[in-house]
Every structure is written in C-alpha cells, then in structure tokens.
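Produce the entire structure from the sequences given, and follow the hints as far as they go.
Per the UniProt record's numbering: the sequence shown = residues 1 to 316.
It should be emphasised that the hints constitute simulated quantities derived from the structure, not laboratory data. One should not assume that every hint holds.
With a straight-line Cα cutoff of 25 Å, these simulated DMTMM-like cross-link-like pairs (lysine to aspartate or glutamate) come out [what the hints assert, rightly or not]: (1) LYS267 x GLU301; (2) LYS140 x ASP214; (3) LYS173 x ASP214; (4) LYS248 x GLU301; (5) LYS267 x ASP254; (6) LYS205 x ASP135; (7) LYS285 x ASP251; (8) LYS173 x GLU156; (9) LYS285 x ASP256; (10) LYS239 x ASP213; (11) LYS146 x ASP256; (12) LYS242 x GLU198; (13) LYS248 x ASP233; (14) LYS307 x ASP296; (15) LYS205 x GLU156; (16) LYS248 x GLU231; (17) LYS300 x ASP254; (18) LYS146 x GLU197; (19) LYS146 x ASP211; (20) LYS173 x GLU238; (21) LYS307 x GLU269; (22) LYS285 x ASP254; (23) LYS205 x GLU180; (24) LYS280 x ASP296; (25) LYS267 x GLU304; (26) LYS239 x ASP135; (27) LYS248 x GLU238; (28) LYS189 x ASP251; (29) LYS159 x ASP233; (30) LYS187 x ASP145; (31) LYS173 x GLU185; (32) LYS159 x GLU231; (33) LYS141 x GLU197; (34) LYS239 x GLU276.
Beta-carbon label-pair distances, calculated as ranges [unchecked claim]: (35) THR165 x ARG194: 13 to 21 Å; (36) LYS189 x HIS144: 34 to 42 Å; (37) GLU287 x ALA137: 45 to 53 Å; (38) LYS140 x GLU287: 39 to 47 Å; (39) CYS149 x GLU287: 42 to 50 Å; (40) ASN217 x LYS189: 28 to 36 Å.
Using N, Cα and C, we set each Cβ at its ideal position, and we do this for glycine too.
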Amino acid sequence: MSGNVISVKFVVSRSDKNDKLFRKDGGSVHFKVDVSKDPLTMKVQLGGPLLRNGLKWCKRPVCIKIDIDFDHCNAKFNAVSKELSFPLNNTEEAYMFEDEVALPWPEFYLTTASSRGTLTCQLLDRSASATLSDDVATSKKILHDKIRCDFALIAENGKSIPCHTSFLASHSKVFLRMFETDCKEAKEKAYQMRLTEEAVNALLKFLYYSDLDDAINNPSISLELLQVAHEYDILLLEKALKRMLLRKSSDWYDTDFVVHLFQYALKLEGYEDLKEKAVKVIRTKSESLYGSAACDQLFKEDPESGKVLFLLCLRK
Numbered sequence: 001m002s003g004n005v006i007s008v009k010f011v012v013s014r015s016d017k018n019d020k021l022f023r024k025d026g027g028s029v030h031f032k033v034d035v036s037k038d039p040l041t042m043k044v045q046l047g048g049p050l051l052r053n054g055l056k057w058c059k060r061p062v063c064i065k066i067d068i069d070f071d072h073c074n075a076k077f078n079a080v081s082k083e084l085s086f087p088l089n090n091t092e093e094a095y096m097f098e099d100e101v102a103l104p105w106p107e108f109y110l111t112t113a114s115s116r117g118t119l120t121c122q123l124l125d126r127s128a129s130a131t132l133s134d135d136v137a138t139s140k141k142i143l144h145d146k147i148r149c150d151f152a153l154i155a156e157n158g159k160s161i162p163c164h165t166s167f168l169a170s171h172s173k174v175f176l177r178m179f180e181t182d183c184k185e186a187k188e189k190a191y192q193m194r195l196t197e198e199a200v201n202a203l204l205k206f207l208y209y210s211d212l213d214d215a216i217n218n219p220s221i222s223l224e225l226l227q228v229a230h231e232y233d234i235l236l237l238e239k240a241l242k243r244m245l246l247r248k249s250s251d252w253y254d255t256d257f258v259v260h261l262f263q264y265a266l267k268l269e270g271y272e273d274l275k276e277k278a279v280k281v282i283r284t285k286s287e288s289l290y291g292s293a294a295c296d297q298l299f300k301e302d303p304e305s306g307k308v309l310f311l312l313c314l315r316k
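So this is what it looks like as structure tokens:
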C-alpha cells in the first residue's frame, strides 16, 4: 500500500451455481459481480489488513473507490462508497457497499474458467470536497465569462465559440499534438468541428467542469459527443458517455438515435457493450422501425450493417 492507494492482482473463478457469479475473495478485499442483473451489480466488502492497518491514518470521514481491470478483455469498472468514518462500528471490521456497473458481457462470459486482473482501492478524503467545488465554480466562470480566451471552436453553423487551448490540450491528445505543431489551426487560433453548436457547448462544459447535463437530456447530443470523444481521444468523456448510455432505460432512447448508435458502435473495437445495448433497445421498438428514417437510411446506404442488425434482433 502506498499512501491511500492499494493495488492487488487477483484471479476470478466462475461460481458453481449457474455460472452467474464471479467473485474474488482475498485477505483484504472481497467483491462479487452478479451477472444475472441488468445492469450488473458489483458488491464490494473491505476488511482484514486493509482496514486494520491501512486506515490508521484516517482522521476524517472518507469514501472508498474501487477500480477493477480484467486482463482478458476491455472490462474495467469502478464503484464509490458513501461517506464513512473509522473505526467501523461492527464486529467484522468490514464495510460493504454496492454499485451498478457495466461490463461487455459476451466478452466477459466467453472466456476460460478463470480470469486475471487488477483491483485498486483508493481512499477519497471528502474534506477536500469544498476545494473541488471551488475549482468547478472557477472553471465554469472561466468558460462562460470568456476570461482571456486564446482559441475558438467553430460549429457546423459557423458559430465561433471562444475557449482555451490549455483545457483542450489537457483532455485531448489530438488537440495537444495540434497545438505543438505549426499547423493552420494553431496559427489561426480556431478549429472547425463537425458538431452542432449545441454539441460544441456541451463538449466545452465537460472539458471545463465535467458537466454532462446536455448529453443526459438530449440523445442526439450524446451521440455527437461520443463520436468526438473517440475521434479526439478524450478518454474521460468517452468513458462517462458509455457508462451513461448503458444505464439509460429503453424509454430514454428514440428509434432514430438508437439505430445510429448501433451503426456507430458496430464498427468500433471496445464498443461491444453499447452495440448489445442498442440491439436490446431496438427489439423493444420494433413497431417504430417502420417509420424510422435512420432505419431506412441504414438499409439503403449500409446494407451489411443492416443485415447484422436484422440477425441480432432475431436472436433471443
């Protein structure tokens, strides 16, 4: 353990009961994932040496963050506990919490009898939350008051939206490389985006202060942001959007949007979970496919993807 972080290797073995439970039991960390639920639910129990020895330094309430990374597929997920204080008032000296997680289920299931990975446990000092709130407020003010902007993103409609190279470069390797070269955009201090004005504003809100409200309230914006996050290597945004889309109920999706999402996810590695989610939603909206312009366009312009969608929808 170093500071407030502990990282351990583990081996996950399938349960004997219907192959529906994967678990790891160790001296300090216990977790299990119930794959019979949708979305999956991860239950984490911390105890043993981690609590007895590693938390002696805790003087204030903290939260526990768990990250689990499986070696055999692109499966990585996390959970954060509610605030807790130490020592814990129970005889087992353990704390249990649970959170919904999203895993690429077909990849995760179709594997050997055991899987290896890394579990990282981090303690988050919530006494710093006030400072975090101040930082968010400051970043929000910098964006919306356009304080000393040195760059602009141009939306599809020609609208120029002022911003800062530091925020773009710190989140995107693509923008970082752009600003390190003598390219046209760096000289002109402006860059044309293939995004609506609403999506550009939503992108900047996330880059400056991690706001996803526009994407949550507008499926079309969420897809635009997902595409730009992947194209410009904005990993935090891509991960946040994937998680959000996987958690949304079928009612949140409109038919045209989910068809576009399927078509996009089908062509990318690491998007298997979103593809399966799109198919699941489309099955619930079969009647509305008749009037879907996106569905007509899919079968006309990309018939191979249309065939894949048709075959997947036939499966139970």
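Structure-based check of each hint:
no.	hint	result
1	LYS267 x GLU301	15 Å, holds
2	LYS140 x ASP214	15 Å, holds
3	LYS173 x ASP214	24 Å, holds
4	LYS248 x GLU301	28 Å, violated
5	LYS267 x ASP254	21 Å, holds
6	LYS205 x ASP135	14 Å, holds
7	LYS285 x ASP251	9 Å, holds
8	LYS173 x GLU156	22 Å, holds
9	LYS285 x ASP256	10 Å, holds
10	LYS239 x ASP213	15 Å, holds
11	LYS146 x ASP256	35 Å, violated
12	LYS242 x GLU198	20 Å, holds
13	LYS248 x ASP233	24 Å, holds
14	LYS307 x ASP296	13 Å, holds
15	LYS205 x GLU156	18 Å, holds
16	LYS248 x GLU231	23 Å, holds
17	LYS300 x ASP254	20 Å, holds
18	LYS146 x GLU197	16 Å, holds
19	LYS146 x ASP211	17 Å, holds
20	LYS173 x GLU238	13 Å, holds
21	LYS307 x GLU269	19 Å, holds
22	LYS285 x ASP254	9 Å, holds
23	LYS205 x GLU180	24 Å, holds
24	LYS280 x ASP296	19 Å, holds
25	LYS267 x GLU304	11 Å, holds
26	LYS239 x ASP135	22 Å, holds
27	LYS248 x GLU238	16 Å, holds
28	LYS189 x ASP251	42 Å, violated
29	LYS159 x ASP233	24 Å, holds
30	LYS187 x ASP145	24 Å, holds
31	LYS173 x GLU185	15 Å, holds
32	LYS159 x GLU231	21 Å, holds
33	LYS141 x GLU197	20 Å, holds
34	LYS239 x GLU276	17 Å, holds
35	THR165 x ARG194: 13 to 21 Å	20 Å, holds
36	LYS189 x HIS144: 34 to 42 Å	20 Å, violated
37	GLU287 x ALA137: 45 to 53 Å	47 Å, holds
38	LYS140 x GLU287: 39 to 47 Å	43 Å, holds
39	CYS149 x GLU287: 42 to 50 Å	48 Å, holds
40	ASN217 x LYS189: 28 to 36 Å	31 Å, holds
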